[in-house]
Amino acid sequence: MTRGVDKTQETYVETTTSAGRSWRWLILLIPYIALLWLPFYNDAHPSFAGFPFFYWYQFLWVPLTSLLVYIVYRGIK
Amino acid sequence: MSDLNPVNPVSMSVFIAFFVLVTVIGFFAARWKRGDLTQLHEWGLGGRQFGTIISWFLVGGDFYTAYTVIAVPALVYSVGAYGFFALPYTIIVYPFVFAVMPKLWKVAHDKNHITAADYVHGEYGGKWFPAAVALTGIVATMPYIALQLVGMQVVIKGLGVSGEMPLIVAFVILALYTYASGLRAPAMIAFVKDIMIYIVVIAAVWLIPVKLGGYGHVFAAADAHFQAKGGATGILLKPSQYTAFASLALGSALAAFMYPHTMTAVLSSASAKTVRKNAIFLPAYTLLLGLIALLGYMAIAAGVNVKSASDVVPALFGTLFPAWFIGFAAAAIAISALVPAAIMSIGAANLFTRNLWRPLVAPNLSPQAEAANAKIVSLVVKFGALLFIVFLPTQYAIDLQLLGGVWILQIFPAVVFSLYTRRLNTPGLFIGWLVGIALGTGLAISQGLKPVYGLHVGHEDYPLYIGMIALAANIVVSFAVSALSPRRAAVTTA
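As given, the protein sequences belong to chains A and B, one line each in that order. Residue numbers for the first sequence, in numbering that gives the first Met the number 0: 0 to 76. Residue numbers for the second sequence, in numbering that gives the first Met the number 0: 0 to 493.
One or more of the hints may lead you astray.
Where chain A lies over chain B, by a calculated footprint (3+ residues, C-beta under 8 Å) [to be verified]:
1) 31-43
2) 188-200
3) 234-240
4) 352-363
5) 373-382
On the chain B side, residues computed to face chain A include the following (Cβ under 7 Å) [claimed, not checked]:
6) 97
7) 98
8) 285
9) 286
10) 289
Honestly, the hints are just simulated from the structure, not real lab data. Glycine residues also receive a C-beta, built at the ideal position from the N, C-alpha and C atoms.
With these hints in hand, go ahead and build the complete structure from the sequences.
Spelled out as structure tokens, the structure:
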């Protein structure tokens, strides 16, 4: 993995075990799947506080994404 | 013009008061966190010392521009759910920022790079490909600056003042304090701008639905409006819009931090950890953007009828709010134009000086001369944008900004992939870039400068963001050509 990479990438590897590294970084892909696959959320129901599902689902993914990024951040610290 | 409101003295006074305030701040900023402003990394990157909070305001103020505040609700007002691609776009951009930008920050910090083209030069050497990367950034940014002016023009018009004079005055002031203070000016003004925008948007999304009978009613009114309007509109997407919506969101997210202004804001952070922390906290601005987008529906529910969709936000505020708040909101949006316009001109000036002027024209430029050169270029860039808006139709700037998005995405392989692989080399990346630019431009022109192209797969037609189609071709060509030519050697000199 680290063949030919510069110092920057080596420090990355040093701070984490390679097993922990691989699954934690995959967490970052979850928002892409959740938001780019439209059949998941292009619907009016269930609505919440007057918001059709399409809208509150997207809004909900804002704090969820922050949380997921935070989880990865904690993991690599 | 006949559709102008009469000038309200209260709105106007509030507007001018806030404008004067940020002007004072802009000039004062030169003394803040004092550094030697004759050095390019001090003038153009604020000395690379901005901590988490300053960076949060700076990137937020830079990335969520005045044009966004005007254009996103305008699109939602016109077509509905499709305009909401801005929300997934500004969510999925942050996992990317978190994973990639700290690596880039670290290399840039270690080798004193201040632009993306500096990084490409550091990795691959040569001068022509870094120059191409720099040129892409400059060309993509110019119309973006022009559109900030459009945003400002819309709110000034909303206050009842027509003509170009206020715009020219605002921009001359902006140009002068950017010249004097560099990145410190927009960084300080960003505090004022962001707090004002938060106040405006929270007040608006709190008070407007109360006046209009709740969010349920706002969405119902929008639904009824689009059903009557027909076509590819509605408060939900048509299945035929899925691929366009998703590819626009993804393509915009990948392009977002390739722009010189966002790159500049990231590289001015004090550490890689600052960048990572900000990837966690910046989504707060995305909530704000989502709420701003909803203003488009609120305008429909409030029965706002405008000839040009971009007038929808000022018109909505003008209908529902008292005079002092209209002035405050207009100032918030106008100041939202100043912050990104300043950073964009600094980013473009850094690119021009570092990656075009010095390597191609004046190789023996001293550090002082380099910074002086960048300051002058920042002026030229801003006046270029101003002339563009004053003398050419606004539609040109909108079309060019769209093309700019397609173009800037073509530096993605050189900037991002180079952090992870050594399989790429200059011939591969250069030819890939060329193919991406040519294909993207050609497809966009063939579609009458629309961002999506219907790709035939089997018997189905999948509309996709042109930038992504061009990027895919670029990536394939970059790797293929690189595989056929010698591997890059490690570049020892930065």
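Against the structure, the hints come out as follows:
Check result for the stretch 31-43 of chain B against chain A: violated, 0 residues qualifying (beta carbon to beta carbon below 8 Å, three or more required). Evaluation of the coverage hint for the stretch 188-200 of chain B: breached, as 0 residues show C-beta separations to chain A shorter than 8 Å, against a requirement of three. Remark: the stretch 234-240 of chain B is confirmed as covered by chain A, as 4 of its residues place a Cβ nearer than 8 Å to a Cβ of that chain, reaching the required three. Counting residues of the stretch 352-363 of chain B whose CB lies closer than 8 Å to any CB of chain A gives 0, which falls below the minimum of 3, so the coverage claim is violated.
Counting residues of the stretch 373-382 of chain B whose CB lies closer than 8 Å to any CB of chain A gives 0, which falls below the minimum of 3, so the coverage claim is violated. A least Cβ separation of about 5 Å between residue 97 (chain B) and chain A falls short of the 7 Å threshold, and the interface hint therefore holds. With a least beta-carbon distance of about 6 Å to chain A, the hint placing residue 98 (chain B) at the interface is held under the 7 Å criterion. Taking 7 Å as the C-beta contact cut-off toward chain A, the hint placing residue 285 (chain B) at the interface holds, the least distance being around 5 Å.
A distance limit of 7 Å between C-beta atoms decides the matter here; for residue 286 (chain B) the minimum to chain A is near 5 Å, and the interface restraint holds. The interface hint given for residue 289 (chain B) holds, since its Cβ lies 6 Å from the closest Cβ of chain A, which is under the 7 Å cut-off.
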